[in-house]
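Peer 1: Sequence:
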Amino acid sequence: MNLSQQLINGLVLGHAYALVAIGWTLLLGVARLVNFGHGQMYMLGAFVTWWAVTKAGVPYALALPIAMCVGALFGVIMQRVMLKATLEQNLVSIMIMTLGFGYVFSGGAALVFGSTGEILDTALSRQEITMGDLWMTWQDAAIIVAAILVFISLKWVLDGTRVGRLVRMVAEDPKLAMLAGVNVRRVYYGVFAFEGAAVAFAAGMVAPRTPILTSMGFDEVIMTFVVVVLGGIGSVTGSYFAGIALGLFTALFGALVSPAYTTAAAFLVLIALLVLRPGGLSAGSAGGVH
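When you line the sequence shown up against the numbering used here, it's residues 8 to 297, in that order.
Derived from the structure by calculation, the hints contain no laboratory data. Incorrect hints may have been included.
Claimed, not checked - Within a straight-line C-alpha distance of at most 30 angstroms, the following computed DSS-like cross-link-like pairs (lysine-lysine) qualify:
id, residue 1, residue 2
1, Lys62, Lys162
2, Lys182, Lys162
3, Lys91, Lys182
To be verified - Each pair of labels, with its calculated beta carbon distance range:
id, residue 1, residue 2, range
4, Arg169, Leu263, 46 to 54 angstroms
5, Tyr268, Pro66, 18 to 26 angstroms
6, Leu94, Leu141, 45 to 53 angstroms
Since the model is a prediction, treat every value here as computed from it, not as a measurement. Think of the CB as a built atom: it goes at the ideal place given N, C-alpha and C, for glycine as much as any other residue.
Make the full structure from the sequences, and use the hints.
Peer 2: And the structure:
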């Protein structure tokens, strides 16, 4: 086993995990709810990107914002349907509805795009960066750069802008924020739109590395859940480092033991960490978005 190559693979995989999880991190931190259709939204983002590039002939750089717009639209539609339950914090109803949306998305994608897998090739994925025996594609490098820029941008918005202050107010106490004149409904719509756009962008970036399947959403939502909980609920910084840690663990465990057991092993590590450190990697993460 080439340890250095596995570390590179782990860093790429970790940034991909973090990028996929960023929308869910904000959703959990603000709306205090989980979207179990997140993985299927990821799958839709991958298929929309593939369709735009291969069928519509759109340049890859333009296909990404198209997928983000579609993802944001689906996020707004979901929130419109669930708004009453969201305002009431009816978590059981929200879980059932998001699961239902996930199955609808999967069925719709199978009807529109077919049940067979697709491959998305881009100019970035076809070109390699070699450093002696080590290598990665330019798509891998783009994933790392994109993840870093997204996390830095989101952190800046949350900490340094009026929008970020409104989001943090709603995350801390939505009823008090409403009494203070904050349009809580608009914040919830914005958060769901961001989640949809963010996961579609992540899908478009990661899709050239893997086959695009209608069944791919389940694995993504599982790993997203691990990243978000491992990093601390609502912690943007925590999710970033948790994603990298999970990516390195997955790459090394898959090389040393077996790729078939990486998900089970990741959950064992998560359980052990939560026993020792219930707040996740980010201390004090239960108090909202940060």
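Peer 1: Does each hint fit the structure? Answer for all of them.
Peer 2: Tested hints:
1. The suggested pairing of Lys62 with Lys162 is violated, with an alpha-carbon distance near 36 angstroms, which exceeds 30 angstroms.
2. Only pairs whose Cα atoms come within 30 angstroms are accepted, and Lys182 paired with Lys162 is accepted, the gap being roughly 24 angstroms.
3. For the hint pairing Lys91 with Lys182, the CA-to-CA distance comes to about 14 angstroms; that is within 30 angstroms, so the pair holds.
4. Checked against the given bound of 46 to 54 angstroms, the beta carbons of Arg169 and Leu263, roughly 48 angstroms apart, stay inside it.
5. For Tyr268 paired with Pro66, a C-beta distance near 40 angstroms fails the hint of 18 to 26 angstroms.
6. At roughly 51 angstroms, the beta carbons of Leu94 and Leu141 sit within the given window of 45 to 53 angstroms.
Checked against the numbered hints listed earlier, the structure breaks hints 1 and 5; every other hint is satisfied.
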